[in-house]
Amino acid sequence: MQPITVHVGRAAALRRSNVDTDQIVPAVYLKRVTRTGFADGCFAAWRSDPDFVLNRPEHQGVSILVAGPDFGTGSSREHAVWALQDYGFAVVVSSRFADIFRGNAGKAGLLAAQVEQAFVDVLWDLLDEHPDYEVEVDLAQRTVSVPQAGVVADFDIDDYTRWRLMEGLDDIGLTMRHTDAIDRFEQQRPAFLPSTTPRLAEDSAAQ
Amino acid sequence: MGATLAQKVWDDHVVRRAAGEPDLLYIDLHLLHEVTSPQAFEGLRMSGRALRRPDLTIATEDHNVPTTDLDQPIADPVSRTQVETLRVNCEEFGVRLHSMGDVEQGIVHVIGPQLGLTQPGMTVVCGDSHTSTHGAFGALAFGIGTSEVEHVMATQTLPLKPFKTMAVTVNGLLRPGVTSKDVILAVISTIGTGGGQGYVLEYRGEAIEAMSMEARMTICNMSIEAGARAGMIAPDQTTFDYLRGRPHAPTGQQWDEAVAYWRTLATDADAVFDREVVLDADNIAPFVTWGTNPGQGLPLSGSVPDPAQFDDASERTAAQRALEYMGLTPGTPLREIAVDTVFLGSCTNGRIEDLRSAAEVIRGRSVADGVRLLVVPGSARVRLKAEAEGLHEVFLQAGAEWRGAGCSMCLGMNPDQLSPGERSASTSNRNFEGRQGRGGRTHLVSPLVAAATAVTGHLASADDLDPIPSDALLGA
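Which chain is which? The protein sequence lines are Z and D, in order.
Read in order, the letters of the first sequence correspond to residues 46 to 252 in the working numbering.
Read in order, the letters of the second sequence correspond to residues -1 to 474 in the working numbering.
Be a bit skeptical, because a hint or two may be false.
[To be verified] Quick list of simulated restraints, FRET-style, between CB atoms:
# : chain 1 : residue 1 : chain 2 : residue 2 : range
1 : Z       : E174      : D       : R354      : 55 to 61 Å
2 : Z       : A84       : D       : A258      : 52 to 58 Å
3 : D       : T330      : Z       : R101      : 47 to 53 Å
To be clear, the hints were calculated from the coordinates, so they are not data collected in a lab.
Even for Gly, the Cβ is constructed at its ideal location relative to N, Cα and C.
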């Protein structure tokens, strides 16, 4: 994963709340077995509307999406994060993220920056009026700003995710440092807990 | 101060706790399906890592599988590749897989409980948000993304920040014709689609205690639709009776040890929840959604709301957009909304009790002209059981389609989809735009409302139906 410290780019205002993962990438696009190639699926239904914000000529090449509350609700599909990344987004700014989406974003290296809805409103108006303005997202300072307009706000992200994103660290590698603790835990698990495998052997023996 | 059910299960699974870091939690059961696993297997392969505990892992084919022509290869080549990839991966990494045609195949959240693999006090994860279903057993069960799937494969653990806890208490008993589906739709419309965010919900109260395990699963299943990561219900005698004798339930002395442990899991009397919500069962009526998120619902006796009545600006805009998408006019009684398709199935309402209750309404009646009723059992076992009880004949005689097991029209990854503009009453969990097929319009309902709607052709409850002529009953 590439470390992120500061991202600067143009942004689009997605004036919607409850942007669910079926909108971000519809289920029919989830059939790929690779981690890439989801750009076509990104907001596929909405992009068929020529007036959709991402279809406007002034928003070509945007890398920051600014959306309303409850972004990423619905299914656990990490494909939603991959689709946004494949489309070209590095950052999503929203006033509230669904838990699973936020977690997936952190794992896959998409920055999910949570700000107050009042600041989302400010950004929406600003971006619609000045689509050429650049937005700066500073993970070290935890700020979202539009330097040309002189606006800035702090964003929320948990310390651990921030640290991992800034270092570009692989979660699995971090956990594997604690294999001893996992081994110890496994030795004291109760014997009554189920296993998926032995019964299979018994089943086939019974047949 | 005592602990809640969720806190107890959490604390019993902490592998490692360190200041400033998430807890590392052990995972007792990892469920896999074809859609969210291929990239995780590929990640293991590329980093040369093993799958740590194949004996705590099980896979099934559900999201993509067709529900007709089960003996044929999957017609859609992309779906076929995904399912075949799962087969190759399970073979390579030694994971037990229930493929199409296998008697244990079915929706991942139906087969776990059915096999007795889901038990109280366990941690259960799956790359699917409806993993919350398993919380009905008093397990801490939640959906994860593909990176986390790979993490569990490699380490059998997950680093997690603690959840907050919310008590959702339903006092009193439900009225006849009101189901657990109506309860959860009412809960979601009360707290909103983001109301449960960051919380584990614990459902409690007399109405919940009186419910069967299957009804409890329906409630926990849709916790995610309120934004909650998980929903839980304290294990009790109903739980133990459901589990006893299932293929993977403990036996003999281990059963006694397990039950003794399970009995310790209930929330302590002096435990404090971060938030509490109370509903009166007597006030809950058959509930249906009118919009494009599961929080946009009302009792069936209501009318399509006027967006102008919403105080909150973002809710007002969302309602306007939803009505436009749904093709609905404010003030229209919900009972007058005509549907083209009724879908009975999914991990929310595709279990045997759901099919039985719908069949009771359908028995001796016919599906309305121009309406298609699709009945999709949640698992191959549910299908066999329904057939042994003759339920399939009830549905077929009424003019319904009786299908094989899978996720089907809940998300339309297989050929079971709505056409643009087509309207459904669906026992599934999400009414998002295009969820059941591009341009499709979904109303979420209970199995009872689904059955009555199929008969009348518009949203209806069983009470709305004309009495069955006695000769029809004799004929059935």
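*Range hint 55 to 61 Å: satisfied by the CB atoms of E174 of chain Z and R354 of chain D?*
For R354 of chain D against E174 of chain Z, whose Cβ atoms are near 59 Å apart, the range 55 to 61 Å holds.
*Honestly, do A84 of chain Z and A258 of chain D meet the 52 to 58 Å range at C-beta?*
holds (54 Å)
*Within 47 to 53 Å or not, the Cβ separation of T330 of chain D and R101 of chain Z?*
Roughly 34 Å apart at Cβ, these two residues miss the hinted range, so it is violated.
In this structure, the one hint that does not hold is number 3.
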